[in-house]
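These protein sequence lines map, in sequence, to chains L and E. The first sequence begins at 1 in full-length UniProt numbering and counts up by one. The second sequence begins at 1 in full-length UniProt numbering and counts up by one.
Simulated from the structure, these hints should not be mistaken for lab results. Glycine included, each C-beta is placed from N, C-alpha and C at the ideal position. Treat the hints with care, since some could be wrong.
What follows is a list of derived Cβ distance ranges for each label pair [claimed, not checked]: (1) E:Ser320 - L:Gln2: 56 to 62 Å; (2) L:Gly22 - E:Arg73: 36 to 42 Å; (3) E:Val237 - L:Glu42: 57 to 63 Å; (4) E:Pro128 - L:Gln2: 50 to 56 Å; (5) L:Asn134 - E:Val176: 19 to 25 Å.
If the Cβ cut is set under 10 Å, some of the chain E residues that face chain L in the computed set are [claimed, not checked]: (6) Arg90; (7) Gln152; (8) Ala155; (9) Lys158; (10) Arg160; (11) Arg165; (12) Val172; (13) Val180; (14) Leu181.
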Amino acid sequence: MQYPEPIAKLIDSYMKLPGIGGKTATRLAFYTIDMDGDDVTEFAKALIAAKRDLHFCSICGNITENDPCDICRDKSRDQSTVLVVEEAKDVMAMEKIKEYNGLYHVLHGVLSPIDGKGPEDINIASLLKRLQQNDGIHEVIIATNATPEGEATAMYISRLVKPAGIKVTRLAHGLSVGSDIQYADEMTLFKAVEGRQEM
Amino acid sequence: MYLENLTLHNFRNYADLDVTFDRGVNVLLGQNAQGKTNLLEAIYVLALTRSHRTANDRELIRWQHQTALLKGRLHRATGSVPLELTLGKRGKRAKVNHLEQAKLSQYVGQLNVIVFAPEDLSIVKGAPSIRRRFMDMEFGQMSPKYLYNLSQYRAILKQRNLYLRQLSRHQVKDKVYLGVLSDQLAAFGAEIIHKRLELLGQLEQWAQGVHSEITQQQEQLTFHYVTQVPTEDQTSVDHLYETLQKLYAQQEAKEIFQGTTLIGPHRDDLQFSVNGKNVQTFGSQGQQRTTALSVKLAEIDLMKAETGEYPVLLLDDVLSELDADRQTHLLTAIQDKVQTFLTTPSLDGVARQLINAPKVFNVNHGILHEEEPH
Ligand SMILES: Nc1ncnc2c1ncn2[C@@H]1O[C@H](COP(=O)(O)OP(=O)(O)OP(=O)(O)O)[C@@H](O)[C@H]1O
Ligand SMILES: [Mg+2]
Ligand SMILES: [Zn+2]
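Just chain E, with the same shape it has in the complex (with noise of 0.2 Å):
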C-alpha cells in the first residue's frame, strides 16, 4: 500500500498543507525544528488515530487553533480509499471512504504504517515498556481482535487495580466482585499472550533471515516471550486463561497487600538473543543496532504476510545512527518495495547512491518545497 497524498490543516506546524507523495522513497531535507518529524507524525497519526510522541492529542493541534484535520487518499491493491481524520479539543472522528466510524478500532489498520526512530534502537535494551507497547502496536494493526481484546484488558486492569487498592486499604471487601474481574482479566489477558505468542514467533522467522543475511551468517537471533505464565509451543487459548485463573488465585493475598495486578500480559517482556546470549545484557552497540534493525525488517515482512501488502516505512533520522552496512541493508531491502518516507538533515554518501529517484523535499517552517529531480 502506499499514501497517495496528503493535506493537512493546523497539524503541528503545518497550517495547510497539500502534497503529493511518490510511491518509493520520499526525502524530506531540513534544518532542525522545521517540521521533519511533524510530518511523519502526521502520517503515523492517520493511521493509528494517535501520535507515537505524544498520548496528549491536544499538541497535536496548531497553537491557537481549535481542531487539526488530516486527510489521505490510501492506494491499496483493491482500490484507493480517502481517510479522514479531524482532532478536536473534545476528541476525535475517523472517516473512511468519507463514512464516519463509530470506533475507531474499525478505523485502524486500513493504513498500516512502521516507524523507525532513534528511541527505536532501544526497543533492545530499554524499559520492558517499550517492547510491549512495540507488540501492541504491531499487532494492533495487523488484527482488529488483537486491538479489541488489549483495550477490554486496559478497561478492566484500571477497575482491578483501583478495586485491589480499596481492599488494601480495607474500603471494601467483596471477594466475590475480585474473583470476576480476575476472570475478566484472565479471559483477555489469554487472547493477548497467545496472539503474541503466535506473531512474535513468525516474527522471529523472518527476523532471523534478515540477521543471519546481516551479519554474514555469523549470529543466529532467538526471540523469547518472558512470562509468570508458563508456555509452551502450542499453547491453547483455555488452557492459558486456566493457568492465569489459578495464578490470580494462588497471588491473591500479594495483590491485594500490594494493591495491584501483578500477573498478566502488561507485565510480559520480549527478550533477544544472539547465538544463545541474551543482547539486552551482553550484546556490543552494534549487535544491539543490528537486531533493533531486524527486528524493524521483519516487522515489514510480517505485516506483509499478514495484511497482504507493504506498510509504510516512516525513517525518522535514522540513517545517521547506522554505518554504511546496515544503511545498504536496510535501504536495498525497502527499495521499490515500500513506500517509504526518511527525514534527514542531508542525503549524503550511501543513501544518496543506493536510493532511486527519491522524491525530495525541502522542509522550511511548515512549507515543503519539491526538489528538481537530478
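Isolated chain L (complex conformation) (with noise of 0.2 Å):
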C-alpha cells in the first residue's frame, strides 16, 4: 500500500533534514498529523519566517534580521579584532560566554576540496576585501574547529593576512583535538580565549 500523497510528501520533506532517515521521517510525518492544528500552523510559520526574515550580515555574514547586524553595528564593541568562525551557531556559543566583546566574520565553511569548498568557496575574499578597507582592525582571531580542515584554514588565512603586519591568533588551546567548538564547554571556550597564540 502507498501513503495518501500529503504524508508521502511530508515524508519527503523531513528526509531532507540532516540525520534524518526514512524511518524517522515517517514517525514525525504521523505523529505532525496528530499534533494540535494550531501548532502546526505556528511551527509552519516559523519555517517560513526563520527563512524569510533572516539574512546574512553583508560585513561579517552571521545571520540576522537586519543588515549589518546587531553586532557590527555595536559601536561600544572593540573595532579592533575580529574573531573568524566557521559557522553562525559558533557566534552564538561564543556570544554566551560574554568574554569576547570584539567583532566577528563567519566563514561558513572550512576549506575542503573533498566537500566542493575551496578557497573561493568560503567567506574569505569578503575578510580579506574587510580587512584592507578598514585599517583600525588590528587582530584577526581565528577560532576554527581543531579538524584538519579547520586548521588548514587556519593557516591559509593566517598566510594572507600576517604579510599586511595585522596580528593572527589562533584559539586552539583547551579545546580538545578533532572537536566542535559548538560543543566545547564554557570553561574550555573561555581557557581557548585566553590561551590563543600567535600564528
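Two chains, two frames, some hints: make the complex.
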C-alpha cells in the first residue's frame, strides 16, 4: 500500500533534514498529523519566517534580521579585533560566554576540496576586503575547529593576512583535538580565548 | 593479557556464541567453511574495531541481520575489563568497562592482537602496501599517537590529492592553499616516519635474535626503511618536517602534473636483508618464510616491551605452511607466555606433541563444541 500523497510529501520533506532517514521521517510525519492544529500552524509559520526574515550580514556573514547585523552596528564593541568562525552558530556560542567583545567574521564552512570547498567557496574574500578597507582592525583571531580542515583554513588565512602586518592569533589551547567549538563547554572556551596563540 | 571469554551475536556465521577460553593455547578444529577464521576475525575486530580481511564492515554482520554484537572480558595485569563493540549498518559503537568511547582511537589499544595467516608470509615478497599496512597495524596498537597522526595524515592526503588533481586540470590555481596542505602533510608525515624508524629499530633487534636462533647463527637479518626522505640514525621530527617541506617544494611541478602526492610515508617501504642480501629478490622461499616468522615473533616481544603485556596471538592455518623445525620454534616461543588461538583442519605431528594441554574446540557451522581433554 502507498501512503496518501500529503503524507508522502511530508515524509519526503523531513528526510531533507540532516541525520533523518526514512524511518524517523515516517514517525515524525505521523506524529505531525496527530498534533494540535494550532501547533502545526505555528510550526509551519516559524519555518517560513526563519527563511524569509533572516539574511546574511553583508559585513560579517552572520545570520541576522537586519543588515548590517546588531554586532557589526554596535559601536561599543572593540572595533580592532575580528574573530573568525566556521558557522553562525559558533557566534552564538561565543556570545554566550560574554568574554569576547570584538567583531566576528563567519566563513560558512572550511577549506575542503572533498566537500567541494576551495578558497573561493567560503567567505574569505570578504574578510580580506574588510581588512583592506578598514585599517582599524589590528588583530584577527581564528576560531575554526581543531580538525585538519579547520587547521588548514586557519593557516591559509594567516598566510594571507600576516604579510599586511595584522596580528593573527589562533584559538587552540584548551580545545580538544578534533573537536567542534559548538560542543565545547564554557570553561573550555574561556580557556581557549585566554590561551590564544599568535600564528 | 588474555581474553577470558567471548560473546558473539550475529557476527558472520555465528548467531549466538558464548565461550570461555583458556589462557594458554586454544585450538579451533574443523572442516572448511565452518567459521574457524570467522572466530579469529571476531577477536581481531574486538581489538581493532575493523577486520583484517575486509574493509567493508557490513560483511561482518550475519546475513539478513542489522547489527552484530561482540563482547569479551579482557584480563590484564591491572585487572579485567569488559569490552563491547556494536556494528550497525550506519557505524559502530565501542565500550570499555560499559562506558561508550567517543573516539575509536581511544578504544583501540585495550586488547592487543597479532595475526599470523598464510598471507603474512607475503610480508616479505608482497607489494609495499602490505608492509606499510603491517607497520601501521602494529605500531598503531602500541601508540595511540601514531594512530592519531596516521588518521590526520590520511585525511589531509585525500584533500591534497584531490586539490593536486584540480590543479593539474586547471580547475583551481591557488598555490597558497597547496602550500598549507603540504605543510600540514609534512608535519604529520614527519611524526609517522619518526615513529616508524624508532619502532623498526627495536623490532629489528628482536627479530635478529629470533632469526639467528632459527638459522643456528647462520643468518643475520637486517631491516632497512625505504624512503625518499634522507634519514640518519638520530633524525629528529623537526628535521624530517623541514626535509619533507623542501621535497614538496622541489617536486611541486611534478606533483601537480601527475595530480597526486608522490612523497611521504604512504609511499615508503620496508626492506629485509639476510647477510646483506635483499630477501625479497634473492631469498629462497625458506628464507622468506623464516624472515616472516622472525618478524612475527619479534612483534610479540616488541609489543610486550612497549605495552608491558604480551598480546593475544591469532594463528590462522599457518602450521601447515611451516616445516617441523619452524613449527617447533613458533610453538616453543609462545608456550606458557602468549594466549594463542590456532585454527587447523587437524592437530597432529609436532603440534600435538608440543602444545601443553590445549583447549580444543570443534567448529561446526558456527557452533563450538569443546573436546574432552586427553
Ligand atoms: N556475513 C555472514 N553471514 C553469515 N555467514 C557468513 C557471513 N560471512 C561468511 N559467512 C560464512 O562463513 C563461512 C566461512 O567461514 P570461515 O572463513 O571462518 O571458514 P573456516 O572455518 O576458516 O574454513 P577454512 O578451513 O576453509 O579456512 C562461509 O562459507 C560463509 O558461509
Ligand atoms: Mg579459514
Ligand atoms: Zn555583521
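Status of the hints after comparison with the structure:
Restraint check, Ser320 (chain E) to Gln2 (chain L): a C-beta distance of roughly 58 Å satisfies the suggested window 56 to 62 Å. Between Gly22 (chain L) and Arg73 (chain E) the beta carbons are some 38 Å apart, a value that agrees with the proposed interval 36 to 42 Å. At roughly 58 Å, the beta carbons of Val237 (chain E) and Glu42 (chain L) sit within the given window of 57 to 63 Å. Between Pro128 (chain E) and Gln2 (chain L) the beta carbons are some 55 Å apart, a value that agrees with the proposed interval 50 to 56 Å.
At about 22 Å, the CB distance of Asn134 (chain L) to Val176 (chain E) agrees with the hint of 19 to 25 Å. With a least beta-carbon distance of about 8 Å to chain L, the hint placing Arg90 (chain E) at the interface is held under the 10 Å criterion. Given hint, Gln152 (chain E) at the interface with chain L, holds; its Cβ is 5 Å from that chain's nearest Cβ, closer than 10 Å. A least Cβ separation of about 5 Å between Ala155 (chain E) and chain L falls short of the 10 Å threshold, and the interface hint therefore holds.
Using the Cβ-Cβ criterion of 10 Å, the hint placing Lys158 (chain E) at the interface with chain L is satisfied: the shortest such distance is roughly 6 Å. The criterion of a C-beta within 10 Å of any C-beta in chain L is met by Arg160 (chain E), whose closest approach is roughly 8 Å, and the hint holds. With a least beta-carbon distance of about 9 Å to chain L, the hint placing Arg165 (chain E) at the interface is held under the 10 Å criterion. For the restraint placing Val172 (chain E) at the interface with chain L, the shortest Cβ-Cβ distance is roughly 5 Å, inside the 10 Å limit, so the hint holds.
Of the supplied interface hints, the one on Val180 (chain E) holds, with its beta-carbon coming within about 5 Å of a beta-carbon of chain L, less than 10 Å. Contact between Leu181 (chain E) and chain L, as hinted, is supported at the beta carbon level, the nearest pair being about 6 Å apart and thus within 10 Å.
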